[in-house]
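Letter by letter, the chains look like this.
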Amino acid sequence: MTTKCANKSEDSKKENICMSLPSKPEYVSIVRMTSSVIANKIGFNIEDIEDIKVAVGEACNNAVLHGCDSNIFKVEFIISEEKFIIEIEDEGKGFNVDKYPHPDICNPKESGLGIFIIKSLMDNVEVKSSPGKGTFIRMIKFLNEKDKAYN
Amino acid sequence: MTTKCANKSEDSKKENICMSLPSKPEYVSIVRMTSSVIANKIGFNIEDIEDIKVAVGEACNNAVLHGCDSNIFKVEFIISEEKFIIEIEDEGKGFNVDKYPHPDICNPKESGLGIFIIKSLMDNVEVKSSPGKGTFIRMIKFLNEKDKAYN
Amino acid sequence: MSLNINKAFDSEKNLWEVKLIGEIDISTANSLKEILIKLLEEKEIDIKLDCKELDYIDSTGLGVLIGILKRLKSIDKDIIIINPKPNISKLFKITGLDKIFIIK
Amino acid sequence: MSLNINKAFDSEKNLWEVKLIGEIDISTANSLKEILIKLLEEKEIDIKLDCKELDYIDSTGLGVLIGILKRLKSIDKDIIIINPKPNISKLFKITGLDKIFIIK
Ligand SMILES: Nc1ncnc2c1ncn2[C@@H]1O[C@H](COP(=O)(O)OP(=O)(O)O)[C@@H](O)[C@H]1O
Ligand SMILES: Nc1ncnc2c1ncn2[C@@H]1O[C@H](COP(=O)(O)OP(=O)(O)O)[C@@H](O)[C@H]1O
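Top line first, the protein sequences correspond to chains U, Z, D and A.
According to UniProt numbering, the stretch in the first sequence is residues 1 to 151, in order.
According to UniProt numbering, the stretch in the second sequence is residues 1 to 151, in order.
According to UniProt numbering, the stretch in the third sequence is residues 1 to 104, in order.
According to UniProt numbering, the stretch in the fourth sequence is residues 1 to 104, in order.
It cannot be assumed that every hint is accurate.
As the list claims (entries may be wrong) - Quick list of in silico lysine-lysine cross-link-like pairs, DSS-like style, CA-CA up to 30 Å:
| no. | chain 1 | residue 1 | chain 2 | residue 2 |
| --- | --- | --- | --- | --- |
| 1 | U | Lys146 | Z | Lys24 |
| 2 | A | Lys93 | Z | Lys83 |
| 3 | A | Lys19 | U | Lys41 |
| 4 | D | Lys38 | D | Lys48 |
For the record, the hints were derived by calculation from the structure and aren't laboratory data.
Sequences and hints are given; from them, build the entire structure.
Dropping the structure here:
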């Protein structure tokens, strides 16, 4: 077994779960499920859990669709008391983050909604990509005060 | 992100999912859930999925209970058409696999059932352990012909 | 974790009634596309999608629906979406697609 | 993904009726132990466990039940398990614990 994951961070209150999976469509739902199980454990409400599930699904779709065949993609779940960070990384073809197509409702297209949906559903989204090397996306959902109190 | 996983094996028909998690009780159910989602995708019947879930849970319990604090444990799911292999590894205190306590129904004890349960539920179980270094357990469930045909 | 699709021709209202059960995602969107295209090859009429038991849809599923809608709009036909769950309505809303699909 | 425990005193049959809802595992077994010990501190009588809505148990949960049963057996009392799901019955069977607990 060769999995290696630091599972440590500056802030000792944070805890990490790392996954790596084959870049294939049939594995995306496993990551979605895992993200919703973790979000539920952290204490997010149902709407937030759904948002996280969709956003994670979209990022995995991109990793798989634009990743290379017979490759893998990696997911890291970073759990703390007040937020849930999810990082998804592929070694696919990458893209120019400054000029990918944005959705235009007057001229709807079959593709180009993924990142827009992620940004709409999550509180904070960061995308880094190097053409030819791969893509990294970090998304954050903050736990609202009400759900925190409920924990 | 530092996850590293080969996700490749001699047999190209095999595919791997690697996870690493903090050695804490609250993360065991995430691995259980993930194992049952994967088993379901492979095509196992409900009874087999339950068996896999319990066996994986028991192995994770041991990794967490006998692992070191502030450490991690690793899980690898190896998926192929005819079987599901799960490997669980910790860097905990290890034990002597030739003389750990076996259950005795005439004198039931609060502990010592875990490995017995795993061996009862899975088709093939292998345990390797080095005192002071850690423990590795590999368990296999074969897909029966009926479920294979159903796929 | 999978998608079931039940289809029926409603001769009274002259439309395809399609029940979506399960999840539309990257691994199931293609089979939805194939089924809807086959229906339109048989008869190019309105499609009513009953989403009562649809638990999940993502951009790959929305993309399929947009493609089919464009084809239908070009002959003045529509896609009507009924009974969407809150998470599904939300996705149509944030993407603005609630303005081009008929959602009931 | 969690455990709920409802407890009631059945004065007619003089036993504790405990409903287990959810999952007993490494992260919830301890709270089960504490609750059962508290009940026995109040009254050392038979415990009836209704497992109709118990979805999962593992060796940590079985260990708790064994510990409590040993204490009860020493004063000739019992644990009675009712309505176990097939996966739970199976676990009692393969461990031989179906021979020391009363399972209905
Ligand atoms: N992980 C990725 N690797 C390579 N290119 C990507 C990745 N994610 C997004 N892109 C590029 O950005 C574009 C927009 O992505 P997105 O908004 O998710 O829509 P879609 O994937 O449906 O086209 C994609 O068409 C693709 O060119
Ligand atoms: N991952 C592990 N690391 C260290 N010791 C272990 C591990 N797994 C099992 N053992 C040892 O083997 C014994 C039997 O394990 P098991 O049958 O699972 O029962 P239990 O964990 O309930 O005691 C344990 O008590 C422990 O001493």
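Status of the hints after comparison with the structure:
{"no.": "1", "hint": "U:Lys146 with Z:Lys24", "verdict": "26 Å, holds"}
{"no.": "2", "hint": "A:Lys93 with Z:Lys83", "verdict": "25 Å, holds"}
{"no.": "3", "hint": "A:Lys19 with U:Lys41", "verdict": "23 Å, holds"}
{"no.": "4", "hint": "D:Lys38 with D:Lys48", "verdict": "15 Å, holds"}
Checked against the numbered hints above, the structure violates none of them.
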